[in-house]
Structure formats: structure tokens, C-alpha cells
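Participant: One-letter residues, chain by chain:
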Amino acid sequence: MRNLFLLFIMISGLAANAQYKGYKAVADINAFKASFTAASKKITSIKSDFVQEKTLSLLSEKIVSRGKFWFRKENLVRMEYQHPFSYLMIINGNNVYIKDGQKENKVSTKSNKLFQKINRLTVDCVQGTVFSNPDFTVKAFENGQQYLVEMIPVGKGLSEFFSRILVTVDRKDFSVANINMMEQGGDNTLIIFQQKEINVSIADAVFAHK
Amino acid sequence: MRSLLISSLTLLLAGCGSAYKSLQPSAGDPFCIQAFRPAFTAELYKARVEVVGKNLSGLLLIKTMEDSTRRVVFSTETGVKFFDFEFGQQGVFRKHFVMKRLNKKMVVDALRNDFDLVMMNGIGEEAGQVARREGNWYYGYERGKKIAWYQTDANCSELLHAELGSKRKKLVEAKLFSAAAGPWRKGTVLAPDSVFIQHHNFNFNISLKKLDR
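First to last, the protein sequences are chains A and B. Take the first sequence: its letter number 72 is residue 72 in this note's numbering, and every next letter is one higher. Take the second sequence: its letter number 179 is residue 389 in this note's numbering, and every next letter is one higher.
Worth flagging that the hints you see were computed from the coordinates, not collected in a lab. Built from N, CA and C at the ideal position, the CB exists for glycine as well. Keep in mind that the hints are not guaranteed to be accurate.
[What the hints assert, rightly or not] Only some residues are given here: those of chain B computed to face chain A with a beta carbon under 7 Å:
#1 Glu287
#2 Lys310
#3 Asp422
Please put together the full structure from these sequences, using the hints given.
Facilitator: See the structure below:
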């Protein structure tokens with residue numbers, strides 16, 4: 001009887017670990033993938049503000065930064081941190097351009113596998129192609145307003161930095177509401193997208209660099 | 211030709227001379243440096259690191275915990291963590307996290323020494339050596355086989371710089387500045403506004419600028 005009780009507790013614990021508060025597992029994952037992919041195909045551009053909150057759990061410390069975000073299909077991303085520091089990152093295909101104060105740096109992701117994975121992750125998150133990313137096992141959960149996509153890294157490279165990544169997607173337009181990158185030690189980085197404008201015209205100059 | 215050889219040898223020998231040979235032991239106040247200890251609460255710095263010709267940038271947090279230990283956490287602007295170190299009392303040091311690529315003894319020791327030097331960790335209140343050179347005072351604290359030297363002006367009112375040296379060579383130099391790149395004056399019970407760390411034995415420099423959060 002006691003063993004049965006222990007087994008029940010263990011099974012309940014496992015079930016609880018697989019869920020997120022306020023969400024239930026998506027019943028028909030294939031239907032969700034199809035809708036997600038179809039809806040994402042309709043998103044050609046995103047313009048948004050963002051707030052990034054890095055929480056250092058053991059230090060009870062939160063580092064908050066803010067900026068602007070632009071995305072245009074297929075793989076153009078501009079992320080511009082404006083407060084409390086200036087930092088610009090432009091992803092243009094396989095090239096990443098970084099401007100930090102007066103210092104400028106160009107990196108080709110072809111020469112760096114980890115950078116390549118992070119590059120793909122960024123584009124996949126905003127473009128809705130996370131399910132086809134081979135670097136993660138992906139599950140989906142839902143409530144009335146949002147979907148929660150859980151991405152667990154399978155390879156060595158990304159798992160050094162993230163234990164899992166949670167992407168919250170708005171049900172109404174399948175656009176990304178926030179990305180939460182969780183680390184092994186309990187710290188996390190949450191990027192919240194605000195004032196989103198979907199499918200607005202974004203000039204080439206936004207993604208251009210010297 | 212002969213004189214060229216002699217002058218070259220002279221220069222070479224001068225180069226091999228000790229950086230600290232000309233220090234004159236003097237009877238100054240061995241407690242002078244206590245008034246220059248920076249006080250960190252939870253400061254966030256924009257950090258720029260130059261290492262063997264490559265540039266890295268990120269955010270560096272220095273936080274004093276309730277138990278008086280200090281945590282130094284360095285991450286990229288986008289939130290990816292490079293390292294998380296703990297500096298305790300009496301020189302206690304603990305690695306909470308180091309990115310695999312950086313987790314090499316030489317790198318970790320260099321970073322530990324740099325932050326110990328800037329935060330004035332692991333040094334007693336009384337300097338083991340007090341010396342003068344060209345009107346300035348040098349206060350030396352033994353740190354294993356090395357010595358952490360803190361140099362002040364003649365009145366012990368301004369910290370000119372800190373350096374970590376072997377018996378013969380200057381290895382690392384650190385400068386602390388208050389707001390608007392002002393000198394680090396006696397009794398500044400604040401965290402520095404900016405910090406510059408320069409290694410003399412290899413190309414590795416760190417600059418920190420405090421951010422208004």
C-alpha cells in the first residue's frame with residue numbers, strides 16, 4: 001500500500017513537471033504545428049519594442065534593458081539595445097554585424113557552429129519555424145490566449161547555456177509575445193516584445209551596415 | 211659597431227632590471243590604503259575586453275551579498291553568461307559558472323587576480339611594505355608569490371593606480387576613476403565610475419564603465 005502511494009506521488013510529480021501553470025498540453029500537436037507554420041508563413045515582418053530581463057536568481061538581481069526589434073523575412077533581424085546601454089546587432093543571412101559604441105565587428109556564422117545555432121534559434125523563434133529546428137526537442141502547451149512552446153536543447157553546444165527555452169505565442173496572430181531562456185543554475189533571460197506591428201513595411205536600410 | 215653592441219646590451223640589461231628596484235623603503239602610514247577601498251552594492255558596468263587582438267563586450271555586475279561576499283557576473287548584452295565568480299573574506303574564491311571556452315586555469319586566475327586587485331580583496335589592513343619613488347608612495351601587500359602594490363600621491367589623498375607585480379616585473383595595472391573620470395580620492399565610499407585593467411605580460415585589457423540602471 002505504501003509503495004503504491006509512493007508510486008502515485010512519483011507519477012504525480014512527473015506529470016506536474018511536464019506542465020506549466022495555467023497551460024495544458026496541446027492535444028493535437030500535428031494540427032498545432034500545421035496552424036503555427038501556416039500562420040507564421042503569413043508573417044513577413046515584425047517591428048517591435050522589447051524589454052529584456054535577466055534574472056540572477058541566487059543574487060536576487062534583475063538586469064533590465066530595453067530597445068527596438070525589427071524582423072523581415074527570410075532572415076533579417078535588427079536588435080537595437082537603447083537603455084541602459086547602446087548595442088546594435090544585425091543578422092543578415094549568415095552574417096552578424098555588431099556595433100558596440102565605436103567598435104564594429106562582423107562575424108560569419110559559417111565559421112562558428114555555436115553562433116550558427118544561436119542565429120538560427122533567433123530567426124526560428126520569430127519566424128515560427130521552431131518545430132523544424134534539429135537542435136531542440138519541442139513540445140507545445142496552450143491556454144485561452146496563448147501557446148507555450150517548450151524547446152529543450154539536444155546537443156552539447158546550446159545546452160551549456162540553456163536548459164530550455166520557452167517561447168510564448170499569441171493565439172490571435174501566432175506572433176511571439178516573449179522568449180524565456182532558462183539556464184541550468186536557475187537564472188533566466190526573458191525578452192518581452194511590446195507594441196508589435198506585424199507585416200509593416202521595413203526599409204532595407206534598417207538591416208544595412210557598413 | 212662596438213658602441214652599438216654595447217648600447218644594445220645596456221638597453222637589454224636595463225630592460226631586465228626590476229621594476230621595483232628603485233623603490234625606497236620608507237616609514238609611511240601602512241594603513242593609508244584603507245581609505246581607498248571601493249564600496250560596491252550592486253553596480254552594473256558595460257564591459258569591454260580586448261584579448262590577443264579580439265574584442266568582447268558585455269555587462270558586468272558586481273554585487274555585495276548579505277554575508278559580505280561579492281559576486282562578479284559577466285554576461286553578453288543578450289544575456290548569455292560568461293562567468294559568475296564569488297569573492298569571499300580572506301581571499302576565498304569560488305567559481306559558480308564559467309563558460310567552457312573560458313574555463314582554463316590561466317584565464318580564471320588572471321580574472322580572479324584582476325578583480326581581487328580592483329576590489330582590494332584578500333589584503334590585510336596594514337601594508338607589509340611601504341616605499342617611496344619620485345614623490346609618490348607605494349603600499350605593498352603580499353599575495354602568494356606576488357605583491358599587490360597601491361600607489362598614492364605624496365599626501366595619501368589620491369590613489370594613482372594599483373598594480374600586481376612579481377618580484378621583478380609589473381604584471382597588471384588597474385586604475386579606478388570616480389564620476390567624470392575624476393581621480394580616486396581618499397574616503398570615496400562609492401563604487402568606481404570606471405575601471406581600466408591592463409596586463410603587461412600578455413595582450414589582455416578590460417575597461418568598465420558604470421551604467422545608470
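Participant: It remains to establish, for every hint, whether it holds in the given structure.
Facilitator: Cross-check of the supplied hints:
no. : hint   : result
1   : Glu287 : holds, 4 Å
2   : Lys310 : holds, 6 Å
3   : Asp422 : holds, 6 Å
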